[in-house]
Amino acid sequence: MTLTKRIIPCLDVNKGRVVKGTQFKNLKDAGDPIEQALAYERQGADEIVFLDITASSEYRETVLEMIQKTAYELSIPFTVGGGIRSYGDVRKALLAGADKVSLNTAAVLDPGVIREGAQIFGSQCIVTAIDAKRTGVENWEVYIYGGRKATGIDALQWALKAEEMGAGEILLTSMDFDGSKDGYDLDLTRRVSESVNIPVIASGGAGNPEHIYRAFAEGNADAALAASIFHYGEYTVKDVKDYLKERGIPVRI
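Using the numbering used here, you'd call the opening residue of the sequence shown number 1 and step up by one each time.
It is worth saying that the hints were derived from the structure and are not from the lab.
Any given hint might turn out to be false.
Unchecked claim - Pair ranges (Cβ atoms, derived): (1) Asn139 <-> Glu164: 18 to 26 angstroms; (2) Arg85 <-> Thr4: 17 to 25 angstroms; (3) Gly147 <-> Gly112: 32 to 40 angstroms.
To be verified - Here are the computed lysine-lysine pairs in the DSS-like style, where the Cα-Cα straight-line distance is at most 25 angstroms: (4) Lys69 <-> Lys92; (5) Lys133 <-> Lys149; (6) Lys133 <-> Lys69; (7) Lys149 <-> Lys161; (8) Lys181 <-> Lys245; (9) Lys133 <-> Lys92; (10) Lys161 <-> Lys181; (11) Lys15 <-> Lys133; (12) Lys28 <-> Lys161.
Every residue, glycine too, gets a C-beta built ideally from N, C-alpha and C.
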């Protein structure tokens, strides 16, 4: 049996509202996150990712309220990331109704957060997000704090470590390609996908359905995350899935 490839729209959330901007600047309100998530669900999205891009503690209750409302309305799985700093935050998000939690900086600073979350809630709930920047021909370095701080950690080694600690998935973002709309970093995606035995979500650079096709066909990704091509109405999730199906990529219709 061949597993279907997943298409995952990503919604950036600030103070409980979806925002659009450029490199997290000039943010403009873009509506209610639940309404947008439901619209993507109707288009055929397999999952939704919400990223709290400000991740400020004073807005944490707003985010938890959004999770509760989303869990009530949405039928497909959804992941929440951004500002998850501890096992306590993981617990709050999952108990509020999120299906998965995405850990980035917190996991690098304390990998035990991955293990503890996986042991108590199950690996399927724990996504390790990796922001990676190329440093050589076949080398990528992990960055944290929203891509602002280099760690000196090799991205491939960190992906293996995250799997060992109990992560159920890797959300892999190429910092070099993010926002470029020139396609995913296929070398990075393929190397990580071939190194681990857990699903890898390609992220960073999708500009059209062909880019998503190549993430699957050449990058061996299990899922593809995209934002701009969906938010600005260039393509619907259905458009992408129709394109993939025509080219032999198994997707859920």
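Hints and how they fare:
1. Asn139 <-> Glu164: 18 to 26 angstroms: 20 angstroms, holds
2. Arg85 <-> Thr4: 17 to 25 angstroms: About 34 angstroms separates the Cβ atoms of Arg85 and Thr4, which means 17 to 25 angstroms is violated.
3. Gly147 <-> Gly112: 32 to 40 angstroms: Roughly 23 angstroms apart at Cβ, these two residues miss the hinted range, so it is violated.
4. Lys69 <-> Lys92: Between Lys69 and Lys92 the Cα gap is close to 14 angstroms, so the pair holds against 25 angstroms.
5. Lys133 <-> Lys149: 11 angstroms, holds
6. Lys133 <-> Lys69: 35 angstroms, violated
7. Lys149 <-> Lys161: 20 angstroms, holds
8. Lys181 <-> Lys245: 22 angstroms, holds
9. Lys133 <-> Lys92: Roughly 31 angstroms between the alpha carbons, so the hint for Lys133 and Lys92 is violated.
10. Lys161 <-> Lys181: At roughly 30 angstroms apart (the allowed maximum being 25 angstroms), Lys181 and Lys161 break the hint.
11. Lys15 <-> Lys133: 29 angstroms, violated
12. Lys28 <-> Lys161: 37 angstroms, violated
Hints 2, 3, 6, 9, 10, 11, 12 from the list above are not met by this structure, while the remaining hints are.
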